[in-house]
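Enquirer: This is what each chain is made of:
Number of protein chains: 2
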Amino acid sequence: MTENTAVDRAAALDAADPLARFRAAFVASDEVTAYLDGNSLGRPTHASAERLARFAPDVWGARLIRGWDEEWYDLPLRVGDRIGAVAVGAAPGQTFVGDSTTVILYKLVRAALSSPRVAGRDEIVLDSGNFPTDRFVLEGVAREHGATLRWIAPDRDGGVTPEQVSAVLTDRTALVVLSHVAYRSGYVSDAAEITRRAHASGALVLWDLCHSAGAVPVALDAWGADLAAGCTYKYLNGGPGSPAFGYVRADLQDELVQPIQGWMGSAEPFEMGPAYAPHAGVRRFLSGTPAIVGMLAMQDTLDLLADAGLDVVRAKSVALTRFALELVDDLLVPLGVRVASPRDDERRGSHVTVDHDAFADTLPLLWSRGVIPDFRRPNGLRLGLSPLSTSFGEVRVGVEAVRDALVEVTGEAGVRGARP
Amino acid sequence: MTENTAVDRAAALDAADPLARFRAAFVASDEVTAYLDGNSLGRPTHASAERLARFAPDVWGARLIRGWDEEWYDLPLRVGDRIGAVAVGAAPGQTFVGDSTTVILYKLVRAALSSPRVAGRDEIVLDSGNFPTDRFVLEGVAREHGATLRWIAPDRDGGVTPEQVSAVLTDRTALVVLSHVAYRSGYVSDAAEITRRAHASGALVLWDLCHSAGAVPVALDAWGADLAAGCTYKYLNGGPGSPAFGYVRADLQDELVQPIQGWMGSAEPFEMGPAYAPHAGVRRFLSGTPAIVGMLAMQDTLDLLADAGLDVVRAKSVALTRFALELVDDLLVPLGVRVASPRDDERRGSHVTVDHDAFADTLPLLWSRGVIPDFRRPNGLRLGLSPLSTSFGEVRVGVEAVRDALVEVTGEAGVRGARP
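Here the protein sequences come in this chain order: V and D.
The letter at position 92 of the first sequence is residue 92 when you use our numbering, and the numbering goes up by one with no holes.
The letter at position 122 of the second sequence is residue 1122 when you use our numbering, and the numbering goes up by one with no holes.
Note that these hints are calculated values from the structure, not bench results.
Small disclaimer: the values here were computed from a predicted structure and weren't measured.
All residues carry an ideal CB built from backbone N, CA and C; glycine is no exception.
Keep in mind that a hint or two might mislead.
Chain D is nowhere near these chain V residues, computed Cβ spacing over 12 angstroms in every case [as the list claims (entries may be wrong)]:
#, residue
1, Met1
2, Asp81
3, Gln164
4, Val339
5, Val407
6, Val409
7, Thr410
Distance windows between CB atoms, simulated [unchecked claim]:
#, chain 1, residue 1, chain 2, residue 2, range
8, V, Arg21, D, Arg1143, 49 to 57 angstroms
9, V, Arg54, D, Ala1306, 24 to 32 angstroms
10, D, Pro1364, V, Arg196, 51 to 59 angstroms
11, V, Arg78, D, Val1312, 53 to 61 angstroms
12, V, Glu31, D, Gly1309, 39 to 47 angstroms
13, D, Pro1364, V, Gly273, 35 to 43 angstroms
14, D, Thr1033, V, Gly273, 31 to 39 angstroms
15, V, Thr410, D, Arg1143, 42 to 50 angstroms
16, V, Ala277, D, Thr1033, 34 to 42 angstroms
17, D, Ala1091, V, Arg78, 38 to 46 angstroms
18, V, Asp171, D, Ala1275, 23 to 31 angstroms
With the hints as extra help, turn the sequences into a complete structure.
Expert: What follows is the structure, encoded as structure tokens:
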């Protein structure tokens, strides 16, 4: 593809994009020409900017403590249900918004190990390619619980297959913890099949949905998943550090004990009673006072996703990553860049990762030019493509800028291997 | 005091109030004539309203992922240090902003029990008058840890004295967990003396500062406290559900293990390394991605407190609660209302609690008239007086409105026992 062809291709893809109208919903940054990091921190919408601007004068400052009765007390479950319906395929009463992803993972892993269904089992299956916080939480819980971690190494596509899981499942497996979309490679695991196999061996399954929710369809109820946790500041555009969500399948809730017994998860939070009793249903997985301010922005993206439809979002995500791969093959592979994401559309999430030892040095150049991919040490660039806010033109500008920066820092004279 | 006298007294106190100018810093609610619940949810400042309004367009949307490098990664420790300096008497490097109060309590209690200083000890001292979430967290930790809870019943002033603590301290006591200011009565414990006695018996002490921070001076370093946790949405005006802060004394940090091992507390968060190692210093007590949006508003109140000076804030707090008690004695005690807060200024925090069985019925009336105290079941009204934002006039309007509402719901013909 020549440069002109790429321009034309991007323009044609943008012109045919059924989600193009959603780009206007997002706050633009004047100096940013290609934001390819929506998989790490999504952009704010105008609606969220307005919601945040109105919050102190019109809601917090006007309603004051009455806001708890009027709206906030139920917000973690109401927004949770909305995430369930719009993004992760969960019927109401199973999803909550709460603490950070890390804290929710801790609570749900501990809760899973309390289930009578896995009594006497002492192994946890995980993979060495999972995001550090998942691995760190599991290391800590295993140590305090006397459990054994059974590690899977991701295959060459950077993901975990049902066969790999089957190979480590035993009658001692209590819990399998995996990411639906791998944070580094973007590999999409076959969650339904892995859940089926784990259940057949008597284990519970917890899915990390951080890199799925809002971009890759998730069907927790249909998969028969037991537990899940996910992030809201990536494709749900909740803002930096917005609280995460958790899912516990309805029939499991009342048999699980979560370790952080707080007033907001207790049977009668405002009775100030003498002893803790868990609330019925999913509320028992809450602990402290919900982060209301942090829950504001995600609500606007949930509205947009409901309007767009997650299948249409997924179709654009596939088209975006496919276009990115075309450009990478044309412009970066000839420079020695290696593609670290699956080429199979079905197994690829909403980001494309490319590796090159000189990428660390390109980052200051790229940032100074308003091109913002995500860098993962030691050598990975993730091109995160957020279907509601990213254009095909942005992908083109971004990959071309990476090519230029790489040429500059490696001293290559020009682009080798570009095809007409 | 006749009604006119009360009006004059309030006006004179407001005229002489050295903090009067700070009231203009807060967003007013048109319909609220007396907000007496700053001990539960503080009001927003205009500066915070602007900060929230600017955040999406100018910071999050403009800086995008670069915000983490430029500002957000260090924010939990930077704001923590500021809380330490301005509100709780802690030198830098010991205070962090993190999860909800409940989650921080859980992490710090678990961390305390991991200390070699209390190895072999298995008792935790707490009081039955503490806020439910403190008691609930401790019940849960005791159960999972096989520890025994040693309960203190608050004395008639609703607080815990050094003598009461001494009576339950043994060579098996690992940890003492108390509130500096009792959430219900407002009793201010003698934290320095209790800490001294606990240390003399070899125990660690964790102070809950939820009802102190920003209104009642705290001197964690001077007390020699080991650990503390506190709330930012009360007198620090962080907004509903803003993240809490934690304190771990410098010399303890590296010997404690906290259970929720997350990437943000790990030695090298962005190395994505294979195994968890805790970060040096106080950062190890962080777990997940910090709640940046939730940390915005509290920064403005910290600026105001630094400007005002906490001793001046405390002096006004004492004057406010003393005036409230005068009015209560005049207007409410004759109606059968009982004062449930200490009358000794030194032992009284920034709220006054009054009990009457009919208070539950007065609440809708009071709200409809723009008078908002805090109700605590079954029969308590807390009059929370936030020194930077509450006027003496507001206290008068509030107590008179409580009197009127109580007369209406109890059918009393008038105010008995009012003195000229």
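Enquirer: It remains to establish, for every hint, whether it holds in the given structure.
Expert: Quick rundown of the hints versus the structure:
1. For Met1 (chain V), the shortest C-beta to C-beta distance to chain D comes to about 28 angstroms, beyond the 12 angstroms cut-off, and the non-interface label holds.
2. The beta carbon of Asp81 (chain V) sits about 18 angstroms from the closest Cβ of chain D, which is more than 12 angstroms, so the claim that it is off the interface holds.
3. The claim that Gln164 (chain V) is not at the interface with chain D holds, since no C-beta of that chain comes within 12 angstroms of its own (minimum 18 angstroms).
4. Non-interface call for Val339 (chain V) relative to chain D: holds, since the shortest CB-CB distance, roughly 19 angstroms, exceeds 12 angstroms.
5. Every CB of chain D is more than 12 angstroms from the CB of Val407 (chain V) (nearest about 23 angstroms), matching its label as outside the interface.
6. At the 12 angstroms boundary, the C-beta of Val409 (chain V) stays outside the reach of chain D, the nearest C-beta of that chain being 19 angstroms off.
7. Residue placement check: Thr410 (chain V) keeps its beta carbon more than 12 angstroms from all beta carbons of chain D (closest about 23 angstroms).
8. Range check, Arg21 (chain V) to Arg1143 (chain D): about 54 angstroms between beta-carbon atoms, so the 49 to 57 angstroms window is met.
9. Taking the beta carbon of each, Arg54 (chain V) and Ala1306 (chain D) are about 28 angstroms apart, inside 24 to 32 angstroms as hinted.
10. Roughly 53 angstroms separates the CB atoms of Pro1364 (chain D) and Arg196 (chain V), a value that falls within the hinted 51 to 59 angstroms.
11. At about 42 angstroms, the beta-carbon gap between Arg78 (chain V) and Val1312 (chain D) misses the expected band of 53 to 61 angstroms.
12. Roughly 41 angstroms separates the CB atoms of Glu31 (chain V) and Gly1309 (chain D), a value that falls within the hinted 39 to 47 angstroms.
13. The hinted window of 35 to 43 angstroms between Pro1364 (chain D) and Gly273 (chain V) is violated, with their beta carbons roughly 24 angstroms apart.
14. Take Thr1033 (chain D) and Gly273 (chain V): their Cβ atoms lie about 33 angstroms apart, and the range 31 to 39 angstroms holds.
15. In this structure, Thr410 (chain V) and Arg1143 (chain D) break the distance hint of 42 to 50 angstroms, their C-beta atoms being roughly 59 angstroms apart.
16. Checked against the hint of 34 to 42 angstroms, the C-beta distance between Ala277 (chain V) and Thr1033 (chain D) comes to roughly 39 angstroms, which is consistent with it.
17. The hinted range of 38 to 46 angstroms is satisfied by Ala1091 (chain D) and Arg78 (chain V), whose Cβ atoms lie roughly 42 angstroms apart.
18. In this structure the hint that Asp171 (chain V) and Ala1275 (chain D) lie 23 to 31 angstroms apart at CB holds, the actual value being about 28 angstroms.
Violation of the numbered hints given earlier is confined to hints 11, 13 and 15; the remaining hints are satisfied by the structure.
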